[in-house]
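Student: Model the placement of chain B on the given structure of chain A, informed by the hints.
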Amino acid sequence: MKVDWTKYVLALVITVAIFYTAYYVATRIDATRIADIRTAQQNISIDLLSTQIQFELLGSLDCQAIKENPVLTSQLNTIADRLAYAENSLGKDNAEVIQLKKQYSLLEIKDYLLMEQISQKCKTKTVSVLYFYSNNGDCASCTRSAEVLTYLRQTYPDLRVYSFDYNLDLSALKTLISLRKVDGPFPAIIINNRDPVYGFRNLEEMQALIPELKNLASTTAATSTKQR
Amino acid sequence: MLHLMAMNIGTAGVYFCLFLALYFEVFLLISFLAKKPSKKTSLLPKHYPTVSMVVPCFNESGTLATTINSLLSMDYPKDKLEIIVIDDGSTDRTREIGEEFARREPQVSFFHKENGGKYTALNFAIAHSTADLIGCLDADSFADKDALIEVVKRFEEDEEIMAIVPVMKVHNPRSPLELMQMAEYTFGIFVKKMFDNLGAISVLPGPFSLYRRRVFSIVGLFKHAHNTEDMEIAFRIQKHGLKIVNAHTAFVYTTVPTTVRTLVKQRTRWTQGFLQNSRDYWFMFGNPKFGNFGVFVLPFGMAMFFAALYLSSFMLYQLISSIVLTTIHILTTGIVPYPSWPTFDWFYFDTSTTTFVIAITLGLTLVSMVIGRHIAKSTFGLPAVLSYILLYGLIAPLWLAQALLGTVLARESSWR
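Chains A and B supply the protein sequences, listed in that same order.
The first sequence begins at 1 in our numbering and counts up one residue at a time.
The second sequence begins at 1 in our numbering and counts up one residue at a time.
The shape of chain A in the complex, shown without the other chains (with noise of 0.2 Å):
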């Protein structure tokens, strides 16, 4: 009984060939996304820069026409969705990754300081939410924390919701956590520049927290999306 080896190894060849072929598209595709959240984020850093600039020409002259260009809060979160995806993809460690949460992290610090200064000048009431989670294993109620904000921010459009992963290593974001005393245990959340609040807060315990939400327009139907 003759066994021909040379089909043992060709088959071994093409198998592993698939798989390489296989694992190549998909890091291919990967790559893609990441250039796509990366294009995302350079056009909402354009925009900002824009409104910023036409704010400091405009001055508290002419609130109308900024409140007719609206900070970009949704493009924030469609990058905030398509983040999340990417790191749970890709991995939490993935550098590319980190890479952009820094730069997603930047945008949001900037977004938030503009609109607190249309807010202060154009006398506006918005209703923001720094929210700070950990990925380190530690936090094991910052997904449904997270949820239950992307409900929220679902529910109420105008809510803007900022989140930031604590150990991300940037000076920008450090400064914010230090400025706003924030220091655990996670999930940590400001609402409108108050104290922070620690743990895990349900939808009830949350909008209890937040009695702006009143004031808010809200939408009747929410779909729930991942946040971090």
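One should not assume that every hint holds.
[Stated by the list, open to error] Straight-line C-alpha distance at most 27 Å; calculated DSS-like pairs for lysine-lysine: (1) 214(A) x 289(B); (2) 7(A) x 92(A); (3) 7(A) x 243(B); (4) 7(A) x 39(B); (5) 243(B) x 153(B); (6) 7(A) x 113(B); (7) 46(B) x 7(A); (8) 377(B) x 2(A); (9) 265(B) x 113(B); (10) 2(A) x 243(B); (11) 2(A) x 35(B); (12) 102(A) x 181(A); (13) 265(B) x 7(A); (14) 7(A) x 36(B); (15) 2(A) x 265(B); (16) 289(B) x 7(A); (17) 2(A) x 113(B).
[To be verified] Computed footprint of chain B on chain A, listed as stretches where at least three residues anywhere in the stretch have a Cβ under 8 Å from a Cβ of chain B: (18) 93 to 105; (19) 109 to 122.
Hints were generated in silico from the structure; no laboratory data involved.
A quick note: this is a predicted structure, and the numbers were derived from the prediction, not measured.
From the three backbone atoms N, C-alpha and C, an ideal C-beta is built for every residue, glycine too.
Tutor: Frame of chain A; chain B shown alone:
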């Protein structure tokens, strides 16, 4: 954290199983390209050896007449073909039908014996036969008119061929469960032909397998063999280094289980038989002395068994985890997910390596089915493929788990 670790180990296991499945399919496709099945010819055999077709039956009153009639209508000299019907202690009208045929048809001999199992019925018939070739046709099956001629032509090709297995097709499939089995049998037709190319056929199923008489004097008669005597005798023939081939131009039709319960029972018997016979023939595993049978068919058969069991357990674990997590989330967050239409944003399509490998593996399975369809001149189409994709993964784990349990507990599998 533990959940994540379990997921990582679990995913690595999935990759390993997919690698095995893909290797198996690639290997068979290479074998196909190396030697494609020949076309059917209208040539007749040079000689017509005497043939005894044995019909072992136990409570087969519903299908016995069709089976005997299909043998009587065979394109084969009547003086060269005898039909031996062995009633293995039936309690229905099987005996009555068999005796009626024996009275009416000189080709038919009928014997009634106490119930002792299929292998005793076969051995009984072998003892009462003097024919050159001895075949078996289960009473739930029937063959094409030219099936015997096709098998005899194949025997003529090589004196060393000791046993021949035909192409098995599902008779008149209607329900999704039968269509699922039709697709599976079609894939099996391809696999069997490729095992033939490798000289490594591992089972000689009841429907229309034929043996040279002298093989029984070399390897011995049928054994109980954990209720899978057709598998064990193939193992034994392989052990003796004798040839088993596939006559891909001889078509046999079999009725398949019509309920999940009977299907699971049948497949549990087959699978448990494989596990238990593998244990009895452990020395052949990975042993090049037994050719591709020892190096490829046995190890891969076993590996695929555990891989299938692993994959189904992993998927079940994921499903249960997902249900538990969703329930916990709903209870703790107070948010009930609002049903919505899925969004078709390319960004969120699952384009992981696993997805591509699964797609390629499924694709190669479909290619194999199409080749099997071509070999068998079968007519299976989309409904059968869909039934296979939707049902097989749900039902197969039941018999795999049951077979493993039966083997571990040394519990005997049942026929019906």
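Student: Are the hints correct? Go through all of them and say.
Tutor: Hints versus structure:
Only pairs whose Cα atoms come within 27 Å are accepted, and residue 214(A) paired with residue 289(B) is rejected, the gap being roughly 81 Å. This hinted pair does not check out: residue 7(A) and residue 92(A) have alpha carbons roughly 41 Å apart, beyond 27 Å. Under the criterion of a C-alpha separation no larger than 27 Å, the hint pairing residue 7(A) with residue 243(B) is consistent with the structure, at around 21 Å. As the CA atoms of residue 7(A) and residue 39(B) are separated by approximately 25 Å, the hinted pair is consistent with the 27 Å bound.
Distance restraint check for residue 243(B) and residue 153(B): the Cα-Cα separation of roughly 15 Å lies within the 27 Å cut-off, and the hinted pair is therefore satisfied. Restraint check for residue 7(A) and residue 113(B): not satisfied, since their Cα atoms lie roughly 49 Å apart, outside the 27 Å limit. The hinted pair formed by residue 46(B) and residue 7(A) fails the criterion: a straight-line CA distance of about 36 Å is larger than 27 Å. Between residue 377(B) and residue 2(A), the direct Cα distance comes to roughly 31 Å. Violation of the 27 Å bound is thereby established for this hinted pair.
The hinted pair formed by residue 265(B) and residue 113(B) meets the criterion: a straight-line CA distance of about 25 Å does not exceed 27 Å. Among the hinted pairs, residue 2(A) with residue 243(B) is consistent with the structure: their alpha-carbon atoms are about 12 Å apart, no more than 27 Å. Taking the CA atoms of residue 2(A) and residue 35(B), the gap is near 16 Å; set against the 27 Å cutoff, the hint holds. Taking the CA atoms of residue 102(A) and residue 181(A), the gap is about 20 Å. The hint holds against a cut of 27 Å.
At roughly 37 Å between alpha-carbon atoms, residue 265(B) and residue 7(A) are farther apart than 27 Å, so this suggested pair is violated. With a C-alpha separation of about 15 Å, the suggested pair residue 7(A) and residue 36(B) falls inside the 27 Å cut-off, and the hint holds. A distance of roughly 37 Å separates the Cα atoms of residue 2(A) and residue 265(B); the hinted pair therefore is violated under the 27 Å criterion. The hinted pair formed by residue 289(B) and residue 7(A) meets the criterion: a straight-line CA distance of about 17 Å does not exceed 27 Å.
In summary, the hint linking residue 2(A) to residue 113(B) is not supported, as the alpha carbons are separated by about 43 Å, beyond the 27 Å threshold. Counting residues of the segment 93 to 105 of chain A whose CB lies closer than 8 Å to any CB of chain B gives 0, which falls below the minimum of 3, so the coverage claim is violated. Here's how the segment 109 to 122 of chain A fares: 0 of its residues keep a CB closer than 8 Å to some CB of chain B, so the rule of at least three is not met and the hint is violated.
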